[in-house]
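Number of protein chains: 2
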Amino acid sequence: MTDKNLPEPPEHLSSDDFRKHGHALIDWIADYWERVEELPVVSHVAPGAIRNHLPPNAPETGEPFENLIKDLDSVVMPGITHWQHPSWFSFFPANASPPSVLAELVSAGLGVQGMLWSTSPAATEIESHVLDWLVELLDLPASWKTTEQGGGVLQMSASDSTHTALVVARHQAAKLGISPDSMVAYASTQTHSSIQKGATVAGYGHITLIDVDEEQAMRSQDLRAAIDRDRANGLNPVFVAATVGTTGTTGVDPIRSIGEICRNEDLWLHIDAAYAGNAMLCPEFRHHQDGVELADSYTFNPHKWLMVNFDCSVFYVADRGPLIDCLSILPPYLKNEASESGAVIDYRDWHVPLGRRFRALKLWWVIRSYGAEGLRSMIRYHVALAEQLASRLESDPRFDLVAPHPFALVCFRCTEGDEATTRLIEAVNASGEVAWTGSELDGHPMIRVSIGQRATEQRHVDALWALIDELA
Amino acid sequence: MTDKNLPEPPEHLSSDDFRKHGHALIDWIADYWERVEELPVVSHVAPGAIRNHLPPNAPETGEPFENLIKDLDSVVMPGITHWQHPSWFSFFPANASPPSVLAELVSAGLGVQGMLWSTSPAATEIESHVLDWLVELLDLPASWKTTEQGGGVLQMSASDSTHTALVVARHQAAKLGISPDSMVAYASTQTHSSIQKGATVAGYGHITLIDVDEEQAMRSQDLRAAIDRDRANGLNPVFVAATVGTTGTTGVDPIRSIGEICRNEDLWLHIDAAYAGNAMLCPEFRHHQDGVELADSYTFNPHKWLMVNFDCSVFYVADRGPLIDCLSILPPYLKNEASESGAVIDYRDWHVPLGRRFRALKLWWVIRSYGAEGLRSMIRYHVALAEQLASRLESDPRFDLVAPHPFALVCFRCTEGDEATTRLIEAVNASGEVAWTGSELDGHPMIRVSIGQRATEQRHVDALWALIDELA
Numbered sequence: 119m120t121d122k123n124l125p126e127p128p129e130h131l132s133s134d135d136f137r138k139h140g141h142a143l144i145d146w147i148a149d150y151w152e153r154v155e156e157l158p159v160v161s162h163v164a165p166g167a168i169r170n171h172l173p174p175n176a177p178e179t180g181e182p183f184e185n186l187i188k189d190l191d192s193v194v195m196p197g198i199t200h201w202q203h204p205s206w207f208s209f210f211p212a213n214a215s216p217p218s219v220l221a222e223l224v225s226a227g228l229g230v231q232g233m234l235w236s237t238s239p240a241a242t243e244i245e246s247h248v249l250d251w252l253v254e255l256l257d258l259p260a261s262w263k264t265t266e267q268g269g270g271v272l273q274m275s276a277s278d279s280t281h282t283a284l285v286v287a288r289h290q291a292a293k294l295g296i297s298p299d300s301m302v303a304y305a306s307t308q309t310h311s312s313i314q315k316g317a318t319v320a321g322y323g324h325i326t327l328i329d330v331d332e333e334q335a336m337r338s339q340d341l342r343a344a345i346d347r348d349r350a351n352g353l354n355p356v357f358v359a360a361t362v363g364t365t366g367t368t369g370v371d372p373i374r375s376i377g378e379i380c381r382n383e384d385l386w387l388h389i390d391a392a393y394a395g396n397a398m399l400c401p402e403f404r405h406h407q408d409g410v411e412l413a414d415s416y417t418f419n420p421h422k423w424l425m426v427n428f429d430c431s432v433f434y435v436a437d438r439g440p441l442i443d444c445l446s447i448l449p450p451y452l453k454n455e456a457s458e459s460g461a462v463i464d465y466r467d468w469h470v471p472l473g474r475r476f477r478a479l480k481l482w483w484v485i486r487s488y489g490a491e492g493l494r495s496m497i498r499y500h501v502a503l504a505e506q507l508a509s510r511l512e513s514d515p516r517f518d519l520v521a522p523h524p525f526a527l528v529c530f531r532c533t534e535g536d537e538a539t540t541r542l543i544e545a546v547n548a549s550g551e552v553a554w555t556g557s558e559l560d561g562h563p564m565i566r567v568s569i570g571q572r573a574t575e576q577r578h579v580d581a582l583w584a585l586i587d588e589l590a
Numbered sequence: 119m120t121d122k123n124l125p126e127p128p129e130h131l132s133s134d135d136f137r138k139h140g141h142a143l144i145d146w147i148a149d150y151w152e153r154v155e156e157l158p159v160v161s162h163v164a165p166g167a168i169r170n171h172l173p174p175n176a177p178e179t180g181e182p183f184e185n186l187i188k189d190l191d192s193v194v195m196p197g198i199t200h201w202q203h204p205s206w207f208s209f210f211p212a213n214a215s216p217p218s219v220l221a222e223l224v225s226a227g228l229g230v231q232g233m234l235w236s237t238s239p240a241a242t243e244i245e246s247h248v249l250d251w252l253v254e255l256l257d258l259p260a261s262w263k264t265t266e267q268g269g270g271v272l273q274m275s276a277s278d279s280t281h282t283a284l285v286v287a288r289h290q291a292a293k294l295g296i297s298p299d300s301m302v303a304y305a306s307t308q309t310h311s312s313i314q315k316g317a318t319v320a321g322y323g324h325i326t327l328i329d330v331d332e333e334q335a336m337r338s339q340d341l342r343a344a345i346d347r348d349r350a351n352g353l354n355p356v357f358v359a360a361t362v363g364t365t366g367t368t369g370v371d372p373i374r375s376i377g378e379i380c381r382n383e384d385l386w387l388h389i390d391a392a393y394a395g396n397a398m399l400c401p402e403f404r405h406h407q408d409g410v411e412l413a414d415s416y417t418f419n420p421h422k423w424l425m426v427n428f429d430c431s432v433f434y435v436a437d438r439g440p441l442i443d444c445l446s447i448l449p450p451y452l453k454n455e456a457s458e459s460g461a462v463i464d465y466r467d468w469h470v471p472l473g474r475r476f477r478a479l480k481l482w483w484v485i486r487s488y489g490a491e492g493l494r495s496m497i498r499y500h501v502a503l504a505e506q507l508a509s510r511l512e513s514d515p516r517f518d519l520v521a522p523h524p525f526a527l528v529c530f531r532c533t534e535g536d537e538a539t540t541r542l543i544e545a546v547n548a549s550g551e552v553a554w555t556g557s558e559l560d561g562h563p564m565i566r567v568s569i570g571q572r573a574t575e576q577r578h579v580d581a582l583w584a585l586i587d588e589l590a
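Protein sequence lines, in the order shown, are assigned to chains A and B.
Residue 282 in our numbering sits at position 164 of the first sequence, and the numbers go up by one each step.
Residue 202 in our numbering sits at position 84 of the second sequence, and the numbers go up by one each step.
Do not rely on the hints blindly, as some may be mistaken.
Note that the list lumps identical chains together, so a pair holds whenever it fits in one copy or between two copies.
Result set (DSBU-like, lysine-lysine): computed pairs, CA atoms no more than 35 Å apart in a straight line [what the hints assert, rightly or not]:
#: 1; residue 1: Lys138; residue 2: Lys293
#: 2; residue 1: Lys188; residue 2: Lys453
#: 3; residue 1: Lys453; residue 2: Lys138
#: 4; residue 1: Lys188; residue 2: Lys293
#: 5; residue 1: Lys138; residue 2: Lys188
#: 6; residue 1: Lys293; residue 2: Lys453
Keep in mind that the hints were calculated from the coordinates and are not lab data.
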């Protein structure tokens with residue numbers, strides 16, 4: 119019984135055309151990575167310039183696919199700031215890599231949802247397994263594995279991970295009858311904006327920022343005093359965010375002493391190691407997070423330094439019970455035998471969204487393609503390049519390092535003063551040959567040089583130094 | 119001055135190998151889409167079966183890329199439930215399509231961050247522009263465009279959009295001195311779990327669920343009464359979520375009468391049209407959201423029915439002021455001239471995360487590749503197939519439709535009773551030939567048949583009907 123009046127479905131790109139254009143776009147990306155070094159790092163289009171190329175209305179009928187590819191070069195590229203440029207020394211890296219991009223392609227093509235174990239068991243099990251691998255690779259507490267009491271889940275960004283931790287801690291405290299209005303979250307003055315934003319979003323009434331010492335690390339004795347002061351004022355301390363590798367200067371908060379305070383005071387300790395957590399692949403950096411076993415939650419971003427393209431943020435909890443207790447809601451259309459058996463993980467209960475891609479595929483492929491040794495050598499190479507640049511700056515009387523450089527970020531100023539620093543920031547950016555970030559510390563300008571793009575070589579850092587030397 | 123003691127960086131997959139494996143994986147996806155119809159729709163692996171294939175530890179040295187591709191077939195595929203199968207009648211669709219998947223590939227390869235306008239102007243401007251296109255395509259209020267008072271932003275999922283709306287509404291109410299503990303969010307009993315979850319996450323003290331009528335639509339007179347009752351009890355009504363196309367049965371809440379209540383009571387009206395919003399491309403469905411101009415925020419998911427692969431959720435606000443006021447935090451390392459000029463949009467201020475991919479590329483490519491007419495014809499084809507199936511069920515005494523079917527979801531039961539319905543659910547699922555969802559309504563089992571996979575044709579729905587006819 120076929121209805122002859124049925125409307126026609128649309129035509130899709132044929133399988134042959136998909137193959138043809140797919141091959142062309144793979145080559146387009148390979149070409150892009152080969153030639154990106156020749157492009158100006160930062161886009162200099164004026165606001166509105168890209169929109170001016172776009173027609174005011176969507177097309178009524180489909181366009182040939184060739185037009186889309188053509189516009190990639192003519193419309194899109196002028197508005198791209200090249201995060202994959204080897205002279206990208208600006209924000210922390212957001213590295214794409216061949217195995218990661220190919221996994222992203224496959225994940226999109228499979229188009230499965232990993233919200234429940236049952237909606238694609240491979241998506242969930244590979245995620246749990248690979249995050250358990252990383253517990254060992256980073257020497258994190260074994261109890262954080264999904265096979266133990268804790269567990270890892272892929273979030274989109276460290277902001278999401280931190281927000282989730284804040285919400286779970288708030289939920290736990292609310293069960294004791296504490297109002298969010300009276301809850302306090304603590305972090306250092308050098309903490310990433312996502313902590314303050316996350317606390318606002320999660321509805322904490324108060325955020326107390328703790329001073330840092332000359333090494334940009336939270337003063338734990340000040341934390342101790344602030345907790346007492348807040349309690350005396352009738353507030354309820356709930357959450358502490360400690361950072362390993364702050365965004366401003368890669369400062370490292372003293373995890374053990376902060377952790378001991380949290381244990382004594384029954385506060386949730388969250389560690390934000392978004393950037394520096396990747397370095398824990400190498401044993402020589404692990405002393406920076408001594409005391410990590412005192413944490414309730416921990417986040418780091420393989421999409422920064424581990425060659426997994428954005429987004430891929432890892433979130434561990436020491437105990438998955440409170441997380442699931444806070445975030446699990448079960449409507450009838452999601453009920454299924456596997457979930458009810460308790461034998462599986464349903465990752466929808468581990469974060470705010472319900473739907474989720476096959477997120478782990480690219481992390482799995484990157485670890486397998488490079489091997490742990492390959493990933494470690496990337497970290498060590500960048501750190502060595504940063505040390506080299508820091509030595510040059512340190513031994514030159516025109517420059518002052520403004521903070522330690524435990525990883526691969528070097529922060530400095532011109533000894534001549536603020537104006538000279540600001541002039542140098544602008545002169546280097548105007549060259550178009552490199553990107554770096556002008557920032558501030560203690561009310562004075564400073565320059566952040568982040569070394570971590572996967573294609574960055576000695577010669578790129580040498581060229582940066584030559585530019586600094588010439589323009590200072 | 120080159121340090122000879124510098125460690126070696128890792129070897130990356132060569133450009134040639136990336137091209138070779140990239141071409142192979144494009145073909146792998148094309149082959150997959152061609153053969154997916156022959157695979158059992160739902161994976162039937164046992165819990166742990168996929169993990170059992172994986173080595174207990176990560177590899178120390180890199181593996182040949184061929185191994186990764188091989189494991190795609192041997193390890194991953196048995197654990198995949200095929201959302202791209204044309205006999206996918208289970209959850210609402212999550213369609214991948216050729217232009218979308220190719221755009222996802224390019225976005226991953228470019229690897230840019232769209233958190234600020236300045237970090238890649240093309241990412242921001244194409245997003246704003248395409249979401250303005252959609253305002254016209256869907257006949258939403260013109261004031262919601264980014265060029266006017268409102269604006270659109272791509273979120274990851276409708277859960278994220280709804281959570282964001284809840285947070286902004288809470289933030290506005292808190293400015294009036296109202297405590298979140300006393301705030302009430304309203305939704306119907308048929309609302310998606312993300313509303314309840316979002317309200318919990320956002321810290322609302324109360325969620326009041328309003329009964330639905332026999333068409334599964336919220337009773338607005340009951341909403342009115344509940345608001346009065348809650349106020350009388352000292353609570354503070356803040357937020358109403360109205361749904362156009364509920365997940366259970368595609369029920370449609372009366373937007374105009376709910377909107378008028380919200381205007382009179384100064385409540386935030388959020389519309390969740392995650393699935394059905396896509397149908398508004400076609401004028402004949404727009405009467406279902408009459409009154410949409412009364413909304414403060416609106417979400418729908420092109421990753422459901424518009425052939426943009428997950429994730430791609432659109433979030434509109436009628437006024438972007440409160441959104442940015444709630445979510446903007448500006449640390450020194452994010453300061454830049456373009457943002458300070460006020461001439462650009464920085465999308466980091468429009469959602470919880472900071473980092474974001476070049477999200478709009480795939481939406482732009484899909485709209486251009488299919489054209490508005492192509493997208494409309496997809497919707498109309500699916501709706502016609504659903505009407506056809508509903509007619510067959512309706513005219514057969516063995517079955518009862520349990521709800522209207524305004525879009526492409528058909529919900530029914532066996533007239534014989536609950537046991538017969540449950541038996542039918544299981545018998546059809548056991549066949550492995552199709553996937554559908556057994557759910558519940560009013561405490562009794564029912565069957566959800568969602569027609570919307572992009573490759574679904576008349577013959578697939580005919581085969582489903584034959585199966586129902588045989589097994590009932």
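Intra/inter-copy verdict for lysine 188 and lysine 453 if alpha-carbon distance must be at most 35 Å:
Classified as between; 33 Å across copies, 47 Å inside a copy.
Can you give me the call for lysine 138 and lysine 293, within, between, both or neither, at a CA distance of at most 35 Å?
neither (58 Å within a copy, 56 Å between copies)
If the cutoff is 35 Å on CA atoms, where do lysine 293 and lysine 453 land: within, between, both or neither? Let me know, please.
within (26 Å within a copy, 39 Å between copies)
Is it within, between, both, or neither for lysine 453 and lysine 138, if the alpha carbons may be no more than 35 Å apart?
Cα proximity of lysine 453 and lysine 138: none, with 42 Å in one copy and 43 Å across.
Are the CA atoms of lysine 138 and lysine 188 at most 35 Å apart within a copy, between copies, both, or neither?
Both, since 15 Å and 23 Å are each at most 35 Å.
My question is about lysine 188 and lysine 293: at a cut-off of 35 Å on alpha-carbon distance, are they close within one copy, between copies, both, or neither?
Neither, since 57 Å and 49 Å both go past 35 Å.
Hints 1, 3, 4 from the list above are not met by this structure, while the remaining hints are.
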